[in-house]
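Participant: Sequences listed follow chains E and Y, in order. Oh and the first sequence: position 201 is 201 in my numbering, straight run, nothing missing. Oh and the second sequence: position 33 is 33 in my numbering, straight run, nothing missing.
Worth double-checking, as some hints may not be accurate.
Said to hold, decoys possible - Below, simulated SDA-like cross-link-like pairs (lysine to any residue); rule was C-alpha separation at most 20 Å, straight line: (1) Y:K71 to Y:Q12; (2) E:K23 to Y:K108; (3) E:K71 to Y:A97; (4) E:K23 to E:A191; (5) Y:K82 to E:R165; (6) Y:K71 to E:F140; (7) Y:K14 to Y:K108; (8) Y:K14 to E:F140; (9) Y:K71 to E:E110; (10) E:K180 to E:D130; (11) Y:K82 to E:E28; (12) E:K217 to E:D31; (13) Y:K14 to E:D192; (14) Y:K71 to E:A191; (15) Y:K14 to E:G33.
It should be emphasised that the hints constitute simulated quantities derived from the structure, not laboratory data.
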Amino acid sequence: MIKFTNGYSDFCIPYNEKEDCLKEILNELIDVGFRNVAIEQTHIHQTIGSKSDPIPEPVKLDSLRAETNGKLNLYNRLTVVYSDPSVTHVLSRSQNFKKYQIVAALPTSESALQHACQTFQGDIVTYNTDTIKIRLNRKFYYLAIRRNMFFELKYSPVIVDASERRATISRAQQYHMVGKSKGILISSEAADRFNIRSPYDISSLGIIFGLSEEQAKCSISTTARKVFVAAECRRLGRTPVLMEYADVNTSTSEEENESDDESSSQESRKRKNDSIGEIERKKIKS
Amino acid sequence: MVRFKNRYILLQIKSDKKFKISTSELAGDFRRSIQKYYGDFGAASVQNLAVKYFNEKHKLVIVRLSHGPHKFLSSILPLSTKAGKELAKFQILYIGATIRQCKKYIVKHQNEFIRQTIGAFKDDSERKEFLDNIYKSLDQ
Chain E
1 MIKFTNGYSD FCIPYNEKED CLKEILNELI DVGFRNVAIE QTHIHQTIGS KSDPIPEPVK
61 LDSLRAETNG KLNLYNRLTV VYSDPSVTHV LSRSQNFKKY QIVAALPTSE SALQHACQTF
121 QGDIVTYNTD TIKIRLNRKF YYLAIRRNMF FELKYSPVIV DASERRATIS RAQQYHMVGK
181 SKGILISSEA ADRFNIRSPY DISSLGIIFG LSEEQAKCSI STTARKVFVA AECRRLGRTP
241 VLMEYADVNT STSEEENESD DESSSQESRK RKNDSIGEIE RKKIKS
Chain Y
1 MVRFKNRYIL LQIKSDKKFK ISTSELAGDF RRSIQKYYGD FGAASVQNLA VKYFNEKHKL
61 VIVRLSHGPH KFLSSILPLS TKAGKELAKF QILYIGATIR QCKKYIVKHQ NEFIRQTIGA
121 FKDDSERKEF LDNIYKSLDQ
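Work out the full structure: start from the sequences and follow the hints.
Facilitator: Take a look at the structure:
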């Protein structure tokens with residue numbers, strides 16, 4: 001079971017080949033008070049692919065875990081850049097895809113954004129410099145929220161670049177206009193130790209994103225937890241159902257009486273429905 | 001009589017290099033960045049901005065602002081990357097309503113700082129010097 005500590009989370013630290021640089025960032029994160037961090041890898045989806053598994057293997061985090069002495073929980077995050085809906089097919093067949101704890105969609109066109117909100121099997125909808133200006137409408141925003149997906153805002157580009165700052169703020173205010181800033185997750189995307197800010201700073205920075213101080217604080221603590229729980233549900237949600245099913249098969253084969261058999265199978269169906277209901281209830285609760 | 005409400009922002013400047021900066025320079029920097037991000041309206045709202053306390057050694061600053069417009073400063077502090085000419089970041093530690101509460105927080109913060117760093121000093125005299133320096137700066 002993967003550990004999650006209650007506290008502040010940063011779900012977007014891009015993976016760097018130079019481990020020293022990454023270690024510096026992680027140490028800074030510990031200093032300012034973060035507890036859960038996701039290391040991001042990007043996969044650019046292409047329609048013509050001959051490889052059997054185009055998605056890269058998640059990086060091994062053992063050396064980084066040793067460096068942080070268990071003060072941080074580290075996760076693998078995959079960001080899928082795509083414009084074509086055929087991505088769902090590729091992802092569902094991939095073995096490596098299942099090894100990532102958190103999955104984010106980065107749609108590059110308006111129809112892809114609608115696809116991401118409607119059917120994409122992931123937890124976060126995100127953006128980059130090229131796709132920051134894509135418009136989103138109310139219907140799809142609420143659809144995504146209902147499907148336990150979250151919208152990301154990145155604060156590190158805001159610090160570095162002026163034009164990026166303007167674009168991020170306008171996107172944040174679009175979230176506010178379209179869906180009252182529900183389900184907003186703030187993360188850093190910091191490539192440098194100097195671009196990390198403390199949780200207190202982030203909650204006051206939230207004002208220029210159109211969030212209240214409370215909402216901003218939630219977006220790095222409570223919402224991050226929701227993202228994690230939703231991701232775990234997506235990854236493991238099917239398992240208990242399958243286990244129940246196996247149990248039912250053995251019990252029915254032992255039964256001799258037909259009517260008994262029928263009732264027990266009904267019972268089992270009921271049990272199965274219950275377990276599905278439980279999972280969904282868990283999702284809703286979270 | 002209704003009290004005129006102020007807010008005191010306690011912040012720490014973090015940088016890799018050593019640098020010197022005066023309180024008036026700091027106040028000017030804050031004014032300039034508010035002018036940059038919020039324009040004339042912002043600059044006019046923070047007329048009574050003043051740097052009330054500056055700890056040279058640990059770079060702790062208390063800034064006074066009136067209640068309401070203090071959000072102009074607190075929301076853009078994370079965006080500023082320079083103190084004087086050095087690359088630095090401003091970390092907000094506490095926002096209080098009185099200067100007394102801010103000072104209380106400084107004591108708490110410095111105690112925590114002592115707890116974390118005291119282990120590095122092996123020598124007794126060095127340790128004493130380190131503690132004396134901190135206590136002196138607290139008395140200001």
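Participant: Hint by hint, say whether it matches the structure.
Facilitator: Now for the hints, and whether the structure bears them out:
no., hint, in the structure
1, Y:K71 to Y:Q12, "holds, 17 Å"
2, E:K23 to Y:K108, "violated, 29 Å"
3, E:K71 to Y:A97, "violated, 34 Å"
4, E:K23 to E:A191, "holds, 11 Å"
5, Y:K82 to E:R165, "holds, 17 Å"
6, Y:K71 to E:F140, "violated, 33 Å"
7, Y:K14 to Y:K108, "holds, 18 Å"
8, Y:K14 to E:F140, "violated, 42 Å"
9, Y:K71 to E:E110, "violated, 35 Å"
10, E:K180 to E:D130, "violated, 24 Å"
11, Y:K82 to E:E28, "holds, 18 Å"
12, E:K217 to E:D31, "holds, 18 Å"
13, Y:K14 to E:D192, "holds, 15 Å"
14, Y:K71 to E:A191, "violated, 28 Å"
15, Y:K14 to E:G33, "holds, 16 Å"
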